[in-house]
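Top to bottom, those sequences are chains A and B.
For the first sequence, the numbering used here puts the final residue at 417, and the numbers step up evenly by one.
For the second sequence, the numbering used here puts the final residue at 417, and the numbers step up evenly by one.
Bear in mind the hints are in silico, worked out from the structure with no lab data behind them.
Quick caveat: nothing in here was measured; it's all calculated off a predicted structure.
Hints are supplied without guarantee of correctness; some may be wrong.
What the hints assert, rightly or not - One side of the interface only, derived from the structure: several residues of chain A facing chain B at Cβ under 7 Å:
1. G80
2. V165
3. Q226
4. G284
5. S298
6. V299
Just so it is clear, CB atoms sit at the ideal spot from N, CA and C, and this is done for glycine as well.
There are 2 protein chains.
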Amino acid sequence: MSAKPLLPASGAWRPGEPAGGRQFLRLDRRFALDGGQVLDGIEIAYETWGTLAADGSNAILLCHAWTGDSHASGGAGNGHPTPGWWENAVGPGLAIDTDRWFVVCSNVLGGCQGTTGPASLHPDDGRPYGSRFPVITIRDMVRLQVRLADHLGVSVWHSVIGGSMGGMQVLEWATTYPERVRSIIPIATCAQASAQQIAWGSIGRRAIMTDPNWRGGDYYDAAPGHGPHAGLATARMIAQVTFRSDNVFTERFGRALVGGVDAQSGISVDQQFEVERYLEYHGDKLVQRFDANSYLLIGKAMDLHDISRGRGGLEAAMARIKAPTLSIGIRSDILYPAYQQIQIRDMLRANGTRAEYREIDSPHGHDSFLIDLDQVGPPITHFLGDV
Amino acid sequence: MSAKPLLPASGAWRPGEPAGGRQFLRLDRRFALDGGQVLDGIEIAYETWGTLAADGSNAILLCHAWTGDSHASGGAGNGHPTPGWWENAVGPGLAIDTDRWFVVCSNVLGGCQGTTGPASLHPDDGRPYGSRFPVITIRDMVRLQVRLADHLGVSVWHSVIGGSMGGMQVLEWATTYPERVRSIIPIATCAQASAQQIAWGSIGRRAIMTDPNWRGGDYYDAAPGHGPHAGLATARMIAQVTFRSDNVFTERFGRALVGGVDAQSGISVDQQFEVERYLEYHGDKLVQRFDANSYLLIGKAMDLHDISRGRGGLEAAMARIKAPTLSIGIRSDILYPAYQQIQIRDMLRANGTRAEYREIDSPHGHDSFLIDLDQVGPPITHFLGDV
Numbered sequence: 031m032s033a034k035p036l037l038p039a040s041g042a043w044r045p046g047e048p049a050g051g052r053q054f055l056r057l058d059r060r061f062a063l064d065g066g067q068v069l070d071g072i073e074i075a076y077e078t079w080g081t082l083a084a085d086g087s088n089a090i091l092l093c094h095a096w097t098g099d100s101h102a103s104g105g106a107g108n109g110h111p112t113p114g115w116w117e118n119a120v121g122p123g124l125a126i127d128t129d130r131w132f133v134v135c136s137n138v139l140g141g142c143q144g145t146t147g148p149a150s151l152h153p154d155d156g157r158p159y160g161s162r163f164p165v166i167t168i169r170d171m172v173r174l175q176v177r178l179a180d181h182l183g184v185s186v187w188h189s190v191i192g193g194s195m196g197g198m199q200v201l202e203w204a205t206t207y208p209e210r211v212r213s214i215i216p217i218a219t220c221a222q223a224s225a226q227q228i229a230w231g232s233i234g235r236r237a238i239m240t241d242p243n244w245r246g247g248d249y250y251d252a253a254p255g256h257g258p259h260a261g262l263a264t265a266r267m268i269a270q271v272t273f274r275s276d277n278v279f280t281e282r283f284g285r286a287l288v289g290g291v292d293a294q295s296g297i298s299v300d301q302q303f304e305v306e307r308y309l310e311y312h313g314d315k316l317v318q319r320f321d322a323n324s325y326l327l328i329g330k331a332m333d334l335h336d337i338s339r340g341r342g343g344l345e346a347a348m349a350r351i352k353a354p355t356l357s358i359g360i361r362s363d364i365l366y367p368a369y370q371q372i373q374i375r376d377m378l379r380a381n382g383t384r385a386e387y388r389e390i391d392s393p394h395g396h397d398s399f400l401i402d403l404d405q406v407g408p409p410i411t412h413f414l415g416d417v
Numbered sequence: 031m032s033a034k035p036l037l038p039a040s041g042a043w044r045p046g047e048p049a050g051g052r053q054f055l056r057l058d059r060r061f062a063l064d065g066g067q068v069l070d071g072i073e074i075a076y077e078t079w080g081t082l083a084a085d086g087s088n089a090i091l092l093c094h095a096w097t098g099d100s101h102a103s104g105g106a107g108n109g110h111p112t113p114g115w116w117e118n119a120v121g122p123g124l125a126i127d128t129d130r131w132f133v134v135c136s137n138v139l140g141g142c143q144g145t146t147g148p149a150s151l152h153p154d155d156g157r158p159y160g161s162r163f164p165v166i167t168i169r170d171m172v173r174l175q176v177r178l179a180d181h182l183g184v185s186v187w188h189s190v191i192g193g194s195m196g197g198m199q200v201l202e203w204a205t206t207y208p209e210r211v212r213s214i215i216p217i218a219t220c221a222q223a224s225a226q227q228i229a230w231g232s233i234g235r236r237a238i239m240t241d242p243n244w245r246g247g248d249y250y251d252a253a254p255g256h257g258p259h260a261g262l263a264t265a266r267m268i269a270q271v272t273f274r275s276d277n278v279f280t281e282r283f284g285r286a287l288v289g290g291v292d293a294q295s296g297i298s299v300d301q302q303f304e305v306e307r308y309l310e311y312h313g314d315k316l317v318q319r320f321d322a323n324s325y326l327l328i329g330k331a332m333d334l335h336d337i338s339r340g341r342g343g344l345e346a347a348m349a350r351i352k353a354p355t356l357s358i359g360i361r362s363d364i365l366y367p368a369y370q371q372i373q374i375r376d377m378l379r380a381n382g383t384r385a386e387y388r389e390i391d392s393p394h395g396h397d398s399f400l401i402d403l404d405q406v407g408p409p410i411t412h413f414l415g416d417v
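Given these sequences and hints, build the entire structure.
Below you can see the structure in the form of structure tokens.
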């Protein structure tokens, strides 16, 4: 441990670091939020692949999940610590073929990879927002993406696509701006966060907020190694279990012990199972690339996700969606169970909206939409060419 | 909050406090543990109901779960902060009829309700064990219960019954001491902890151990309010979600907000959903009655649970079980899925051992064995009269 360099207080990307594929749009107007607050001088980080057709008809928006960012594709390095989150789904000749489509992905509002978030500098005093950053909603994220679409000259997206929290944005796009989406592909997502989803999110936030190094959200000037790393890692570990499945954990780890010691000599408080090491790895990895306050605020936005809010109930909200829809579910998903994606299909069909449902048969649970591209890609390709 | 009295560093029961139904047995010999350590001067807290028959044939052992204790029945008060964990299943005329059966339940080794555990005083210096308490296993718990059986004059239990961690003890009884059990009823349990179960347990322990008030396990002399309460509550909240189900959370809480404010005005970081208040309630409640180190060590014992350890594999271990078995599973259990209890039935039958399986159809998840007594009780009553 002592040989490792100490981590900075936050894993947020900072201006001045290599930007990689990021481009930036700075809003010249104030931005009003669902919660009533207003943000000034917002910057949006985004990436694009392919070329926008002269008639603007070939644009696709990808919406990232909780700890994702604009880097959907393009390899690792140069400001991008990892390859794109859909590296093998987005590119020339791939499922979302950038020879045909102009693909856009932006870091969400409240994020930490270039778009304004709690680690960004407050325009009033040039110090990080920290605890001053306001509550945000999925609708706020989408409203900001509208500004980006306007800037890029995209009046109608051929499709808006995303999984998990990305799928929440997809549904808000189709509900709030039905005239600006030709089709949507919500994946492993829901129309409203369920009580169990809220429970998991809430416990993760608690783990961060009870870490004394969180300091009420104002930890950005802490010395290296003194950020809320322990709490953020615990939160990630909770999420990581819900992102996978019982089956895949049993198949991959079973009861194997770290170090391969035999089971008898493994009776010790310090003894560690391989599954524990795996969770620690994922906790540590997130700490290196993410910001605890972004994790908190984006998580809260997911709990607040409810496309029916202010719209007279869920049925009325779903009736606003007119775009042909491909709803994709995952059989082994314990966090966003398949019944939620089937509900999306059923409610749309009840309103006469074209809606299909495809189910990924994978043991990998919620994260299958990032893993099993052989199952996710073909129905997306087909649907994109058919709407 | 300020009106609440500050909690002591540990919620463990302490000698001198009202003992309630507890009786005590003090071992006069040293007790060797699976992990290689030895404990001196162990005390066992236990309770009994009914009368042991002259031929000793009517004795039933109840094994409690993670945060349970010897108080299976007998109401609240007088040293017992809550009614018994099977209050309405154990008593005269109830499913486990104490007019017929002599029922015994002891607090497990490492517990905090009278049996020696980390909050107990080390015989060498009269100070709490704290970090000095050794790792324990389910087998250690059972070996200690053997001493109690000897003391009570029970050579063969008519049945050993328990759910969750209690069921782990049940299986170890039947595997380690096949000659001392006439029948067993393992409920919502497993022959070996799965990787996912280990994952959840491990994250809960991490939440405690990263709480600075845990102090490496030596927190017993901390001032009131300065115990590892935050970490223990977080651990409990994680467990509480796994103890229930998606369905029951949706039915009970949905997206209801605390205070009943309307959804629009609820867009705030401080806004709280009812399910969050429920989890906090359960976290706080456990902190008041349990000891963080007991939670850690018993949780580790559950992760280490593997009836095959040192026995040449799972099939060989299961082949040692000769007692007729009623395996009970719960359809909605996400922590100990029903396939684990079906596996117990199937492996026993493959060896020619009489084994039945009953499944509880309840939305309440893992905790159904404590809740849905109308479904749990009748098959137990019938089985006890039939073996």
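Checklist line | Restraint check, 7 Å cut-off on beta carbons, for A:V165 near chain B | finding: For A:V165, the interface hint holds, since the closest Cβ of chain B sits about 5 Å away, which is under 7 Å.
Next item on the list: Identify whether the interface hint at A:G80 stands, where standing means a beta carbon of chain B within less than 7 Å of its own.
Entry: violated, 36 Å
Check: Can A:S298 be said to touch chain B, with a Cβ gap under 7 Å?
Finding: The hint holds - A:S298 has a Cβ within 7 Å of chain B, the shortest such distance being about 6 Å.
Check: If you take the shortest Cβ to Cβ gap from A:Q226 to chain B, is it below 7 Å?
Finding: Holds: closest Cβ of chain B sits about 4 Å from A:Q226, inside 7 Å.
Notebook entry, point to check: Holds or violated: is there a CB of chain B closer than 7 Å to the CB of A:G284?
Noted result: Holds - the Cβ of A:G284 comes within 7 Å of chain B, reaching about 6 Å at its closest.
Margin query: Restraint: A:V299 near chain B, CB-CB cut 7 Å. Satisfied or not?
Written below: holds, 5 Å
Checked against the numbered hints given earlier, this structure breaks only hint 1.
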